[in-house]
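K.L.:
Protein chains in written order, with our numbering: chain A, 1 to 449; chain B, 1 to 318.
Hints in this document: simulated from the structure, not taken from any laboratory. It is possible that some hints are incorrect.
Okay, the calculated bits of chain A under chain B, using three or more residues with CB under 8 Å as the criterion [as the list claims (entries may be wrong)]:
id : region
1  : 199-205
2  : 426-436
Only part of the chain B face toward chain A is listed, based on derived beta-carbon distances under 7 Å [claimed, not checked]:
id : residue
3  : A252
4  : M256
5  : L265
6  : L283
7  : L287
8  : K288
9  : I292
10 : V295
11 : S297
If the Cβ cut is set under 7 Å, some of the chain B residues that face chain A in the computed set are [unchecked claim]:
id : residue
12 : V260
13 : Y271
14 : L276
15 : V278
16 : G280
17 : F281
18 : V285
19 : L289
20 : D291
Cβ coordinates follow ideal geometry from the N, Cα and C atoms, glycine included.
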Amino acid sequence: MDETRFNTPGEQRKIDSIAADILKNVRINRSFILWMGFLSTVLVLCLAAYVIQLREGLGVTGMRDFTSWGMYIANFVFFVATSLVGMLISSVLGLIGYQWVKPISRIAEIIAIAFAAVAGLVIISDMGRPDRLPYVFMYGRVQSPILWDVTVVTTYFVLSLLLWFFPMVPDLAISKSRLEGRPAFLVKAYDILSFRWEHHEVQYRIMKQAIRILLILIIPTAFAIHTVTSWLFAVTPRTGWDSTIFGPYFISGAFVSGTAALIIAIYFFRVNYKLQKYLTDDTFDKIARVLVLVSIVYFYFNLNEFLVPGYKLKTGDAIHLRELFTGHYAPLFWTIQLGGLIIPVILLLFKKMRRPLPMLIISLFVLCGAWLKRYIIVVPPQAHPNLPIQNVPVEWVIYKPTLIEIAVTVASIILVLIIITILSKLFPVIPIWEMAEEENEKDKPFDKQ
Amino acid sequence: MKYTVPVIMCLLLLPSLSKGQDWVVPEERKGRLSTFPFTEETRKEGERLYNINCLSCHGTPGKNNSIALVPPPGDPATEKIQRNSDGEIFHKVTVGRGQMPSFRSVMSAEEIWKTVSYIRSFNRDYVQRVMQIITSSAYPGAQISLSMAYLEAERQVIVRAMATDEEKSVPVTNAGVRLFASRYFGALAVDEEKLTDKNGVAAFVIPAGLPGDTAGNVSISARFTDEEVFGSVTRDTVIQAGLKNRAGSLVAQRAMWNSVRKAPLWVILSYGIGVLAVWGFILLVMLKLRDIYTVGSALRGNLRPASDQEPTNKQEAI
């Protein structure tokens, strides 16, 4: 019986204890129902706002002739950005061979799935005629970055889903017999989705092959998804968007917001799911270092993005940068740059700050900063039309999101939370078999002594 | 003497101040009249011209929806514009001021008068005075006409001006004539202004590089510089003197802006290969699920009891 794993009593015991820790959260309990009830209520309220928009048209938003991309697109960019963390954790760090990413990689994939899925919907909310969505596929022009974006977002979503699912197959097999008292449909689903997993070495080999392909495949896809999103802006000659470094600028920013979102999520699971044993202080310390690293890279791209045009001060750039640095958007701009980037990096250099609670607070700042940063990238450059227009109404010039826009945006965030809740409540959030394997490895030298 | 400077300053400021208010038309231009009576037909044609050239700023007459410029263009149906004499409107439209464009090279005198005819149709008190001598003050009673010929070898257009009355036909001499080629937007002056010689002839040289249509045709027109004296006579004709325009249709070739079927090959290939490659691998990975399932089925069928967990659990319990 060498060819199957986890067949010795010792290993079984390990599996039992780990599965017990992790599966205790897989249940439809009162707090789950209350939380979902709350989310659904808010969602319904916000969707009412969307129904109004659907009936009346985009005129109910603050978008006008000048600023035709507002909060929706900023939110879209933020979602795409945040979803990139799945690739960063599982692929980049996983392929390098860091073991500490194992307990958090599934959480990272859940975030990726939720944000990528809803990013697509956010785009639809920005359409005045969503009924014409099929036209994108019927008459889609491959020359248009918008089509590329639709393609890569879909692809990335599917890849993330597979990367979430594949490593979970052994867990489903482990769990299906340990789900007493859970709804029958869940047990049935586990049984079907475990694809007759027998912990056989051949099966492990096939799975690892598949995961390896996915891990490699998702790197260019993830780069594509956010580079293409940046190209939606950078392929126009508009001041503030007309930049050659927008691709890497967006990607490095994506790692920042994604890592912050991941820290918030693992803090939540650690505390609420009582998973301190797996999401350890050390995990937090490690991921804090990742956040510092990606933030410094992002800072470097910020420097490029602002210093180079700021040195030349071409007419359009001068107006744009003045608006950001000292003008209308200055308070927001400096709050974001200091509170969402520079101060967090400085704080995280101290060991005391790399503990769960301080990191939660810092990450919340980073995440809010990341959202607002997208707003500042999308909106201000549109305030100055390329052709001079005179005597236009004030509401054309100054974009202010309306209540409806805010409600629809809240709806998208609620949807993300709903997806994360469902995925993390119905399925194990930490890979059981990998944890057991890891413990085995830890045990080995011990055994030898 | 101590007031010199302020006085000079005031004098200097005066023109710029007055510019913002009254738009003064030179005395001799105010009384200018249309050479033809305004009829239902001219009104209709004027409406068409107004909608093309003026509507965007002045709005629909009577609706008071002219756009907000400073100074305001004004609604043609209102007192602001109707209090102008025919000659004043004609002059203002011809020369323009500030944001009001000059239509000198966009519309012919006849077209401007037709537009005036349309504007006046909103004024019930208006009574038209037509220019009495329709023809010319220089050749009283005579009908002035222009004729044109193109000398291909010399690349010259010969314009001939004649004044004809009941008895005889004489050349119009010493009259300034100008030649225009019509372009997409307005008319382009060709060569310089010429004076007719003793035979009433003026010769214009067509520049070699003048672009024409696909057949090399250029539509040209001649008119008198001083239409007050000689009347607003024009002569249009089409000559084959331009370069043949060989620019093909902008959507004939593969291009970024074209439909998907005519997209640049490199875009189609990059996109197509990229998508196919990635989705090919995705398919491959999905097939691996089937492999896992097959292996599992084989194991269950041959090697192991239907459920693997229970025996081991029992084992552990023992």
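K.L.:
When I compare C-beta atoms, does the region 199-205 of chain A have three or more residues closer than 8 Å to chain B?
P.N.:
holds (count 4)
K.L.:
Can the hint on B:K288 be confirmed by a CB-to-CB distance to chain A that is less than 7 Å?
P.N.:
holds, 4 Å
K.L.:
Was the hint right that B:V285 lines chain A, CB cutoff 7 Å?
P.N.:
holds, 5 Å
K.L.:
Verify the interface restraint on B:L265: the C-beta must sit less than 7 Å from at least one C-beta of chain A.
P.N.:
Hint violated; B:L265 Cβ to chain A Cβ min 11 Å, cut 7 Å.
K.L.:
Classify the hint on B:V295 as holds or violated, based on whether any CB of chain A lies nearer than 7 Å to its CB.
P.N.:
holds, 5 Å
K.L.:
Would the hint on B:L283 stand, with a C-beta cut-off of 7 Å toward chain A?
P.N.:
violated, 11 Å
K.L.:
Classify the hint on B:V260 as holds or violated, based on whether any CB of chain A lies nearer than 7 Å to its CB.
P.N.:
For B:V260, the interface hint holds, since the closest Cβ of chain A sits about 5 Å away, which is under 7 Å.
K.L.:
Under 7 Å is the threshold here; is the Cβ of B:F281 close enough to any Cβ of chain A for the hint to stand?
P.N.:
holds, 5 Å
K.L.:
Hold the hint about B:L289 up to the distance rule: shortest CB distance to chain A must be less than 7 Å.
P.N.:
holds, 6 Å
K.L.:
Tell me if B:M256 is really an interface residue toward chain A, meaning its C-beta lies closer than 7 Å to one of theirs.
P.N.:
holds, 5 Å
K.L.:
Counting residues of the region 426-436 of chain A whose CB is closer than 8 Å to a CB in chain B, do you get three or more?
P.N.:
violated (count 0)
K.L.:
Given B:G280 as an interface hint, is its Cβ closer than 7 Å to any Cβ of chain A?
P.N.:
Violated: closest Cβ of chain A sits about 10 Å from B:G280, beyond 7 Å.
The earlier numbered hints that this structure contradicts are 2, 3, 5, 6, 7, 14, 16.
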